[in-house]
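Residue numbers (our numbering), protein chains in the order written: chain A, 1 to 133; chain B, 1 to 86; chain C, 1 to 443.
Incorrect hints may appear among the rest.
[To be verified] The following residues of chain C were derived to be distant from chain B, with all beta-carbon distances above 12 Å:
(1) Ser142
(2) Ala147
(3) Leu163
(4) Val210
(5) Gly365
(6) Thr384
[Stated by the list, open to error] Covered by chain C, per the in silico footprint, the following chain A stretches (three or more residues, Cβ under 8 Å):
(7) 61–75
(8) 82–96
Keep in mind that the hints were calculated from the coordinates and are not lab data.
We treat Cβ as the ideally placed atom computed from N, Cα and C, and that holds for glycine.
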Amino acid sequence: MRLVVVAALLTIGVGFSLTAGLGLIRMPDVYTRVHSSTLAAVLGAVPVFLALVVGKGPISRYGGESLLACILVLVFAPLSAHALLRATYRGRVPLWSGAKVDQPRDRLRGKDSGADAGDEPDSGAGPEPQARG
Amino acid sequence: MSQVFLAAALAELVLTVLPLWRLASGPTIGDRIVAVNLVATQSMLAVFLFAAAAGRDIYLGVALWLASFSYLGTMLWARYLERGLL
Amino acid sequence: MPVTSPTAVPAPSRRHGAEPVFWAVDYLLLALLLTAAFLVIRLRNLNACVMALSALGLLLTVVFVVLGAPDVAHAEVVVGGVALPTLFLIAIGKARTEVAEPEQTNLEETSQSPARSSTSLRTGGTGAPDLLRHRPHAAVLSLLLLAALVVAMLAIPRGARPLPGMARHAIQVALPQWHLTEVVNEVVYGTRAFDTFGETFLLLAAVLSVVVLTRPREPRSGYVGEDVAGRQEQLEIDPHLRSGPDERQAREAEREEEGLGRGPLTTDAQPFAKPFPERGEEMTVVVRMGVRVVAVLLTTAGCFLVVQGYTPGGGFPAGAVLLGVVLLIYVAHGYHRVAAVVRPAVAETIELLGALAIIVLQSLGLLLRGSFTANWVPLAPARTLRSGGIAQAFSLGEFVVVSSGLVIVVFAVLGATRDWTSDDDSADSAGQDRTAHEGGDES
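When you get a sec, could you build the whole thing from the sequences and use the hints?
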C-alpha cells in the first residue's frame with residue numbers, strides 16, 4: 001500500500017519535472033520559459049518530498065530535511081524567478097512575437113503619451129502564448 | 001521501495017538533459033540562468049531520492065545546499081543583470 | 001580549494017555497490033558531466049561559460065554523493081555554487097566597463113530600442129549546432145579523455161573491494177580515540193590535523209594576498225560605496241565645487257550613465273518598464289521579504305553543519321555557507337545592511353582572532369600532551385554536540401577563519417576599483433598599455 005502511494009507520488013513528481021524540462025525547451029520566449037519551468041519544478045519537487053515522507057516516515061531525518069527543503073524551494077523558487085524576470089524585462093528582452101499584452105509597458109506608455117494605449121485589452125492575465133509547433 | 005526511489009532518481013537525472021540543452025542553445029542570458037536553476041532543482045531531487053534508495057540520510061544535507069545555493073546564484077545573476085555590476 | 005583536499009580520502013564502505021542498478025546512475029552522471037564540461041569550453045559567451053561551469057559543479061556534486069563522499073560534495077557545492085560564480089560575475093562585471101564587448105547580437109533580432117543597460121542581455125550564444133564543429137585534434141583529445149574517464153569509472157572501488165589502509169585506520173581510530181562517528185571529520189580535524197592546520201594558514205595567506213592586491217591607497221572603513229561617500233565628503237570640504245542645480249543635474253545624469261549614481265534606496269517605487277539599469281540598492285519587497293525568511297533557516301542549518309561532529313560538514317562548508325547567507329542579504333538589501341559586520345576592520349580582526357584561536361588550541365596540545373595537535377580536551381560521549389574533543393573546537397576555529405576569509409575575499413574583490421595611476425608619472429603610459437592589452441585578451 002505504502003509502495004503504491006510512493007510510486008504514485010514519484011510518478012507525479014517526475015511527470016511535472018518532465019513538464020518543466022519540456023516547457024524550457026518548447027516555449028517561445030524567456031518569460032514563458034521561466035514561467036513554465038519554475039512552476040513545474042516546484043510542482044515536481046513537492047510530490048517527491050511527500051513521497052519521501054510517506055516512504056521513510058515523517059519522524060526521521062528524511063522527513064525533517066524534506067520539510068526544510070520544501071520550505072526552501074517554495075520560498076526561493078518564486079523569489080528567484082521574480083528577480084530574474086524583473087531583470088530580464090528591464091533589460092528589454094523582447095516578448096514573443098505572438099504576445100498580445102505587455103502590461104507594464106502599455107501602462108507606462110499610457111502614462112507618458114496616452115495616445116496608443118486606449119484599447120488596452122486588460123484581461124488580468126499576462127501574455128500567455130502557447131508553445132509553437 | 002529502494003528500487004522505486006532509485007528509478008525516480010535516474011529519471012530526474014535523465015531529465016537534466018533538457019535544461020542542459022537550453023543552457024547550450026538559450027538565446028538570452030535569462031534562459032541559461034533558469035536552465036541552470038532547473039538542473040539544480042533536478043539534481044537536488046536526484047540526491048534526495050538517491051539518499052533514500054541507498055538508505056543513507058547523511059546525503060540529504062548536500063541536496064539542501066545544492067538547491068538553496070543555486071537559487072542564491074540566480075538572485076546574484078539577477079542583481080548583476082539589473083545593475084550591471086554585482 | 002586547498003582546505004578540502006584531506007576530505008578526498010575515500011569514504012568508508014560503499015554499501016550499495018553490490019546492487020546492479022546503481023551503475024546506471026554512475027554512467028548517466030558521467031555522460032551529463034561530459035556534456036556540461038563540453039559546454040564550458042565550447043560556449044562563446046563569457047556569462048554562458050560561467051553558467052555552464054556552475055551546472056558542471058552541480059552535477060559534480062551529485063557525482064560525489066553517488067560515489068559516497070558527502071563531505072567532498074559539501075565542499076563542492078559551496079565552492080561551485082557560491083564562491084566560483086560570484087567571483088566570476090564580479091570579475092566579468094569589473095572587466096566589462098573597460099573591455100569593448102564583441103558583437104553580441106547573433107541570435108536575437110536587433111532590438112528596436114537601444115537598451116541603455118550596460119549589461120547586454122542578448123548573449124551571443126553559439127547554439128548547439130556550432131558545438132559539433134570542432135577541430136580534429138580537439139576531437140582526438142576529447143576521445144582520449146573520454147577513454148581515460150571510462151577507465152577511471154570502471155576502476156572505481158566497489159563495495160566488495162577491501163578498503164585502503166588509510167581508510168581502515170581512520171575507521172578503527174575514529175570511534176575509540178576521538179568519539180567521532182564521522183570518519184572524514186576525524187581525519188581532517190583529528191588524525192591529520194596538522195595538514196588542515198597548514199591549509200588553514202594557506203587560506204589565510206591567500207586572503208592576505210587578495211587584501212593586498214585590492215587595497216586602495218586611502219584607508220577605508222567599508223568595502224563598497226566608499227567612493228560615493230568620499231565624493232560627498234569632498235563636497236563638504238570644498239564647498240566651491242558645489243555648483244548650480246542644472247550642472248548638478250547634468251553631473252547626476254553623467255554619473256548615472258557611468259553606473260555610479262545614487263538612486264533611491266529601494267526599487268519598489270520605480271516604474272517597472274523603464275529600461276535603464278537599476279539604481280536602487282535594495283531589491284523589490286518580494287525578494288527582501290523572502291530573504292528575511294530564508295536567511296534565518298540557512299544560518300541555522302549552517303550552524304548545524306559546524307557543531308555536529310557526527311555528520312558530514314565541519315568548518316569549511318559551514319564557513320562557505322555563512323558567505324552564502326551574507327551574500328544573500330547583500331543581494332536583497334544592498335551593502336548598507338551588512339556594512340556593520342562586513343568592513344575591513346571587523347572582518348580582518350575576526351579572521352585573525354580565529355587563526356590565533358587555532359594556534360593556541362593546537363599549541364596547548366604540545367604543552368599539555370606533549371605533541372602538537374594532540375587532543376587535550378576531555379572526550380564527551382559519541383553522537384553528542386561535544387564529542388570529538390579538540391576536533392570540534394578546531395572545526396569551530398576553521399569555521400571562523402574560512403567564513404571571514406571568504407567574506408573578505410568576495411567583498412574586497414567586489415569593492416575593488418580600477419586605479420591605474422602609477423606612483424611615478426613616467427610609468428603612466430605603461431599602465432594604459434596594460435589596460436589595452438587586457439582588452440585584447442578578453443575579446
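Quick rundown of the hints versus the structure:
1. Ser142: Per Cβ check, Ser142 of chain C is outside 12 Å of chain B; nearest 16 Å; holds.
2. Ala147: Correct as stated: the minimum Cβ-Cβ distance to chain B is 22 Å, above 12 Å.
3. Leu163: The claim stands: Leu163 of chain C keeps its Cβ more than 12 Å from every Cβ of chain B (closest is about 17 Å).
4. Val210: Holds, since 16 Å exceeds 12 Å.
5. Gly365: holds (29 Å)
6. Thr384: Holds, because the least Cβ-Cβ distance between Thr384 of chain C and chain B comes to about 17 Å, which exceeds 12 Å.
7. 61–75: holds (count 4)
8. 82–96: n = 11 at 8 Å, threshold three: holds.
Consistency note: the structure conflicts with none of the earlier hints.
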